[in-house]
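The task is simple: from the sequences and hints, build the whole structure.
Protein chains in written order, with the numbering used here: chain A, 26 to 268; chain B, 26 to 268.
Be careful, since some hints might not be right.
It does not matter which identical chain is meant; a pair holds if it fits inside one copy or across any two.
[As the list claims (entries may be wrong)] Pairs of lysine-lysine residues, derived as BS3-like cross-links and limited to a Cα-Cα distance of at most 30 Å, are as follows:
| # | residue 1 | residue 2 |
| --- | --- | --- |
| 1 | LYS49 | LYS238 |
| 2 | LYS92 | LYS267 |
| 3 | LYS124 | LYS35 |
| 4 | LYS35 | LYS178 |
| 5 | LYS178 | LYS147 |
| 6 | LYS35 | LYS93 |
| 7 | LYS49 | LYS178 |
| 8 | LYS238 | LYS35 |
| 9 | LYS35 | LYS221 |
| 10 | LYS91 | LYS77 |
| 11 | LYS143 | LYS221 |
| 12 | LYS165 | LYS49 |
Hints in this document: simulated from the structure, not taken from any laboratory.
There are 2 protein chains.
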Amino acid sequence: MSEGASGNQKIEVCFTPGNYPIYKADDAIVVIIDILRATSAICAAFEHGAEKIIPVATVAEATEYKKKGFLVGAERNGLQLEGFDFGNSPLSYINGNIKGATIVLTTTNGTQAIDVSKDAYKVVIGSFLNITALRDWLIKEDRRVLLLCSGWKDRFNLEDAMFAGALVDQLSTNPGFDDLGDSALAAKYLFQTGFKNPYRFLANSSHKERLAKLGLKDDIKYCLQVDKTSVIPILRDGALVKM
Amino acid sequence: MSEGASGNQKIEVCFTPGNYPIYKADDAIVVIIDILRATSAICAAFEHGAEKIIPVATVAEATEYKKKGFLVGAERNGLQLEGFDFGNSPLSYINGNIKGATIVLTTTNGTQAIDVSKDAYKVVIGSFLNITALRDWLIKEDRRVLLLCSGWKDRFNLEDAMFAGALVDQLSTNPGFDDLGDSALAAKYLFQTGFKNPYRFLANSSHKERLAKLGLKDDIKYCLQVDKTSVIPILRDGALVKM
Numbered sequence: 026m027s028e029g030a031s032g033n034q035k036i037e038v039c040f041t042p043g044n045y046p047i048y049k050a051d052d053a054i055v056v057i058i059d060i061l062r063a064t065s066a067i068c069a070a071f072e073h074g075a076e077k078i079i080p081v082a083t084v085a086e087a088t089e090y091k092k093k094g095f096l097v098g099a100e101r102n103g104l105q106l107e108g109f110d111f112g113n114s115p116l117s118y119i120n121g122n123i124k125g126a127t128i129v130l131t132t133t134n135g136t137q138a139i140d141v142s143k144d145a146y147k148v149v150i151g152s153f154l155n156i157t158a159l160r161d162w163l164i165k166e167d168r169r170v171l172l173l174c175s176g177w178k179d180r181f182n183l184e185d186a187m188f189a190g191a192l193v194d195q196l197s198t199n200p201g202f203d204d205l206g207d208s209a210l211a212a213k214y215l216f217q218t219g220f221k222n223p224y225r226f227l228a229n230s231s232h233k234e235r236l237a238k239l240g241l242k243d244d245i246k247y248c249l250q251v252d253k254t255s256v257i258p259i260l261r262d263g264a265l266v267k268m
Numbered sequence: 026m027s028e029g030a031s032g033n034q035k036i037e038v039c040f041t042p043g044n045y046p047i048y049k050a051d052d053a054i055v056v057i058i059d060i061l062r063a064t065s066a067i068c069a070a071f072e073h074g075a076e077k078i079i080p081v082a083t084v085a086e087a088t089e090y091k092k093k094g095f096l097v098g099a100e101r102n103g104l105q106l107e108g109f110d111f112g113n114s115p116l117s118y119i120n121g122n123i124k125g126a127t128i129v130l131t132t133t134n135g136t137q138a139i140d141v142s143k144d145a146y147k148v149v150i151g152s153f154l155n156i157t158a159l160r161d162w163l164i165k166e167d168r169r170v171l172l173l174c175s176g177w178k179d180r181f182n183l184e185d186a187m188f189a190g191a192l193v194d195q196l197s198t199n200p201g202f203d204d205l206g207d208s209a210l211a212a213k214y215l216f217q218t219g220f221k222n223p224y225r226f227l228a229n230s231s232h233k234e235r236l237a238k239l240g241l242k243d244d245i246k247y248c249l250q251v252d253k254t255s256v257i258p259i260l261r262d263g264a265l266v267k268m
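Now the structure itself:
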């Protein structure tokens, strides 16, 4: 069969962490995407001085770190959990005093995506906030790219797919990056439909609605900004650091 | 949290059979989608006289039926398997003498999707060939709808997503059908991008490429035709019959 069947395309998008085993490839760079809000918050935290972010999948692990005196962010279902220092809001990291800090983080979706892909060749964090820096680096690396959307509890999620599409759109005009899996093509089409007015494009999406109900419109606006940082967080020995 | 999180929306799209457990709902009608080519072939077969189609997941089961004297269609990776009567081409059913026949069918993706969802409230077969009849019936039923794409070996697939989007687009203008999950919204956007020239829209898709290499362009053209039948195949006691 064609290579399309075996998944050897240069760029693939995996829409949920649960599908990662189907798309994973030993030689691919994995880009973790959780636009609202984990990967945006991670980029913001590094831009504002964080030294290291330790992603953990469970609240239990986060609690252990908290007991040991770490700064800990913990979010479930859009809300900061009681007894922790941060939730999932980029603004909380910007306003916090995090210069040089190591922060432990667990979120509903984003840290799960990091967890499933942690053994990949390289794992980096993507958001609109660092899109251009990330694109330039991916082009330089010239590897296969797997864009791993965090989704919502293993369901497809519009804003993550749209960001994946933005990255596909920017990458695929470069030599050697035009071989797209169907999911990458679809994401690119979605981005091309939505990018002129992403806020409006996402207006009906379930997660935007969810966050708006929680009074987090400022967060959403922040997360849809482009190129607020040139930091590319990368996973090394189980922790995210600046590349 | 909002209902979006719990998946109670009126229309959801599940992009692969593997994700069905995440999207399944006791009260939803499941529409099986495998545009290239299983669900198109099934619609064509009923339109041309088939009485009953027994979907089976494995070639072993298909072989057992063949030994018992049944007419059997068996396709893997786009090709008809040796020793069987049909593959996955709608044209082979149209040209075959199938009036009143019971046909057993196993395909790479489509019959897997039927298999995972067989215990749903109702399971029906959708394709461009019966889209208007299907839409009208779904509106009359006024139930939650889960559009289950067959994908390609549990990977996202563009033509199935586009058809799902066509159905979402047609359904969502009707009262009570405007509550869309993110996957349904995305599929609708994809359809709206692609529908003016679906053949061109799919030009880069992996499966179209795969079939074109196998010399099946006529099949693709056939499968993208709209309203060639008003038949709605429905699963009853393990077999597909005309509704």
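Within, between, both or neither: how does the pair LYS143, LYS221 come out at a Cα-Cα threshold of 30 Å? Intra 34 Å, inter 42 Å, cutoff 30 Å: neither.
Have a look at LYS49 and LYS178 and pick one of within, between, both or neither, based on CA distance no larger than 30 Å. Answer is both; intra-copy 19 Å and inter-copy 14 Å each pass.
How do LYS92 and LYS267 come out at 30 Å by Cα distance, when the copy is not named: within, between, both, or neither? within (26 Å within a copy, 63 Å between copies)
30 Å Cα cut-off: does LYS35 pair with LYS93 within a copy, between copies, both or neither? neither (43 Å within a copy, 46 Å between copies)
Can you give me the call for LYS238 and LYS35, within, between, both or neither, at a CA distance of at most 30 Å? between (39 Å within a copy, 20 Å between copies)
Alpha-carbon proximity between LYS165 and LYS49, which holds within one copy, between copies, both or neither at 30 Å: within (21 Å within a copy, 42 Å between copies)
Tell me, please, which holds for LYS124 and LYS35 at an alpha-carbon limit of 30 Å: within, between, both or neither? neither (37 Å within a copy, 47 Å between copies)
Between copies, within a copy, both or neither: which fits LYS49 and LYS238 at Cα up to 30 Å? Answer is between; shortest inter-copy Cα gap is 26 Å, intra-copy 35 Å.
Is it within, between, both or neither when you check LYS35 against LYS178 at 30 Å Cα-Cα? both (27 Å within a copy, 18 Å between copies)
30 Å Cα cut-off: does LYS91 pair with LYS77 within a copy, between copies, both or neither? within (15 Å within a copy, 62 Å between copies)
First find the shortest C-alpha distance between LYS178 and LYS147 inside one copy, then the shortest across copies, and answer within, between, both or neither for a cut-off of 30 Å. So LYS178 and LYS147 pass the 30 Å test inside a copy (24 Å) and across (25 Å) alike.
Have a look at LYS35 and LYS221 and pick one of within, between, both or neither, based on CA distance no larger than 30 Å. both (26 Å within a copy, 28 Å between copies)
Consistency with the previously given hints fails for numbers 3, 6, 11, ordered from lowest to highest.
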